[in-house]
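Visitor: Chains as they are written, first to last, in numbering that gives the first Met the number 0: chain A, 0 to 479; chain B, 0 to 171.
Keep in mind the hints are simulated off the structure, nothing from the lab.
Where hints are given, some of them may not hold.
Claimed, not checked - Within a straight-line C-alpha distance of at most 25 angstroms, the following computed PhoX-like cross-link-like pairs (lysine-lysine) qualify:
1. B:78 / B:171
2. B:78 / A:51
3. A:178 / A:76
4. B:78 / A:76
5. A:138 / B:171
6. A:107 / A:51
7. B:171 / A:76
Said to hold, decoys possible - Some, not all, of what chain A presents toward chain B, calculated at C-beta under 8 angstroms:
8. 29
9. 36
10. 38
11. 40
12. 371
13. 373
14. 375
15. 394
16. 460
Using N, Cα and C, we set each Cβ at its ideal position, and we do this for glycine too.
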Amino acid sequence: MSSTTNPPTHHTSTIGAIGTPSRRNTELALLAFAVVIPVFAYANVGLAINDKVPPGLLSYGLGLGLLAGVGHLVVRKFAPYADPLMLPLATLLNGLGLVVIWRLDQSKKLNNYADAAPRQLLYSAMGVALLVAVLIFLKDHRVLQRYTYISMAGALFLLVLPLVPGLGANIYGAKIWIKIPGLGTLQPGEFAKIALAVFFAGYLMVKRDALALASRRFMGLYLPRGRDLGPILVVWVISILILIFETDLGTSLLFFGMFIIMLYVATERTSWIVFGLLMSAVGAVGVASFEPHIQTRVQAWLDPMREYQLSRAGTNDGILHSEQAMQALWAFGSGGTLGTGLGQGNSDLIGFAANSDFILATFGEELGLAGVMAILLLYGLIVERGVRTALAARDPFGKLLAIGLSGAFALQVFVVAGGVMGLIPLTGMTLPFVAYGGSSVIANWALIGILLRISDTARRPAPAPAPSPDAEMTQVVRPS
Amino acid sequence: MSELTLTVMRLGFLAVLWLFVIVAVQVIRSDLFGTRVTQRGSRRESGRQQQAAARQAAPPQQRQQAAAGGRQRRNAPTKLVVTEGTLTGTTVALQGQTITLGRAHDSTIVLDDDYASSRHARIYPDRDGQWIVEDLGSTNGTYLDRTRLTTPTPIAPGAPLRIGKTVIELRK
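Bound-form chain A, shown alone:
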């Protein structure tokens, strides 16, 4: 580390890195590590399943290495002071996801997705291309602030798209996909997540003083005025509408949760969290009382074994019973502490959605508790870097945007991992970077791109003030 570039004379309450803030070589070393680990895993799967090193090892390694290399070079050129950890962490998760998807492709029991891994590699390449585009064309994240209300309109448009007749696709009960003829399906909600974060950041930056200061104190909580409850009520109603019409608990929870997190960070009022939790509880219970798709999910959460038996017995009472929740729990159980080893588990028994919603169960079985904890820590580190970026950012918009994006990322991981492990009712969301699905991978790479841009601005060293003309006038007065 070289000595500080900041002169000791300026006094601010900003948090900035001392020394060489551009940690690009650290990033390169970590990226190389992050490419080697999935290649090792790939060879391991091949040896376990087919007794030989898989023939695609070299091309897979080169493909992942190429993606990482392109990402690194673009960061080096266009965001030289960006956080050194986000890119390697995302690359590692993406690489591990590819290996496990390929491992499930090899399964004899699942002959329906034989070529999911090459397609996922293509989606990852598109995601990295979007990251590159974000870094090149978004020179300054404050530009997004101009599009506050446009991004709100865009996000609502994206959220409504799956409900348009003829365009939306109802896949196993949840209406969160749109069909693009010839290209497959797209989940617009993943992109709406980013647009909504931009809107919330721009909106709360303007309104936070009104929301934070105009309040009465009651029983240790600051109660906001009635009319300041407007925005939170609107977002709540929208998330409830998503829940009713798209029957997707995950998306609904993600958007409302992201708003509550950003509201809390913007205003420092605990009362918003209390209100938010109460409102989401009321909303979820209310909707669950009449929506059969949600009821099934809650049933499967409360008593997975009963759902499993109903499904096995072929009960036909008009409700789609699912045996997957129980199978996922068995997968985690049979994995134990250290797992069965890559390619040697039976999580492919889960069948449908084994490589998307339930991919964590495969990790749980084949890598065990130790592996799943490492995966969750990798997610935790990405979120930590996002929050750190928010702390270091100087402008309020950048702070709120960084916290919103990392909060949404964290919530998404929580909703999926909690659902698969039986902590909360299961919802159809994808595990970022790991699960099979084009929209998810592409949108999350873009999210990392925006975070890298904010962290580049935040960690850029302050320029030295011009040499003060006062300095030459200073004279040492010696007492004679």
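Keeping the supplied structure of chain A fixed, place chain B upon it in accordance with the hints.
Guide: Just chain B, lined up with the frame of chain A:
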């Protein structure tokens, strides 16, 4: 493939995965202890020192400004840099647009400064491309070098423009 090899690979993979996590945390650790959080409290004292130092040094400052004024046309400044205050390090590219400064949220540079007015000052190019600063009737004033602005004034590159605790410069 023998059972032993597979077991070794299984444990080896977990070890490598955790090694990555540990290395990543080490990188964060070096970042964590390599940051400096300076309290706002120390600002007042340093401000007073700077003011005291500033009062002595008016003549060379004016000389420098006159010299800088001559160079102005050839190398126009390309960016505006905040060198002191909570926004230290913020830069805005100068592309012929008007830059507004103040606490109002729609300002180009939103000042988080107790001494700034909501619409404090603006910086704009005149017809010759010379950058002009104009105080918009602020309460505590805008200072170019030591002088409080009363009329729109051209800014020389490198001359400190002070608004409350925030200092702004134009750079090439």
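Visitor: Would you mind confirming whether the straight-line C-alpha gap from residue 178 of chain A to residue 76 of chain A stays at or under 25 angstroms?
Guide: violated (37 angstroms)
Visitor: With the threshold set at 25 angstroms, check whether the alpha-carbon distance from residue 78 of chain B to residue 171 of chain B stays at or below it.
Guide: holds (6 angstroms)
Visitor: Residue 138 of chain A and residue 171 of chain B: Cα distance at most 25 angstroms?
Guide: Holds, because 19 angstroms separates the two Cα atoms, which is no more than 25 angstroms.
Visitor: Hint residue 373 of chain A vs chain B: min CB-CB distance below 8 angstroms?
Guide: holds (5 angstroms)
Visitor: Hint residue 38 of chain A vs chain B: min CB-CB distance below 8 angstroms?
Guide: violated (11 angstroms)
Visitor: Has the given pair, residue 171 of chain B with residue 76 of chain A, been kept, meaning a C-alpha gap of at most 25 angstroms?
Guide: Satisfied, since the Cα-Cα distance of roughly 21 angstroms is no more than 25 angstroms.
Visitor: Close enough to count: is the Cβ of residue 40 of chain A nearer than 8 angstroms to one in chain B?
Guide: Holds - the Cβ of residue 40 of chain A comes within 8 angstroms of chain B, reaching about 6 angstroms at its closest.
Visitor: Quick check on the hint: residue 36 of chain A CB to chain B CB, less than 8 angstroms?
Guide: With a closest approach of 6 angstroms, the residue 36 of chain A hint holds.
Visitor: May I ask you to test the interface hint for residue 394 of chain A with respect to chain B, counting a Cβ-Cβ separation under 8 angstroms as satisfied?
Guide: Holds, about 7 angstroms.
Visitor: For the pair supplied as a hint, residue 78 of chain B and residue 76 of chain A, confirm whether the alpha-carbon distance does not exceed 25 angstroms.
Guide: holds (20 angstroms)
Visitor: Using 8 angstroms as the Cβ threshold, decide whether residue 460 of chain A counts as touching chain B.
Guide: Result: holds, 7 angstroms to nearest chain B Cβ.
Visitor: Holds or violated: is there a CB of chain B closer than 8 angstroms to the CB of residue 375 of chain A?
Guide: Check failed: Cβ of residue 375 of chain A comes no nearer than 10 angstroms to chain B, outside 8 angstroms.
When the structure is compared with the earlier hints, violations turn up for hints 2, 3, 10, 12 and 14 and for no others.
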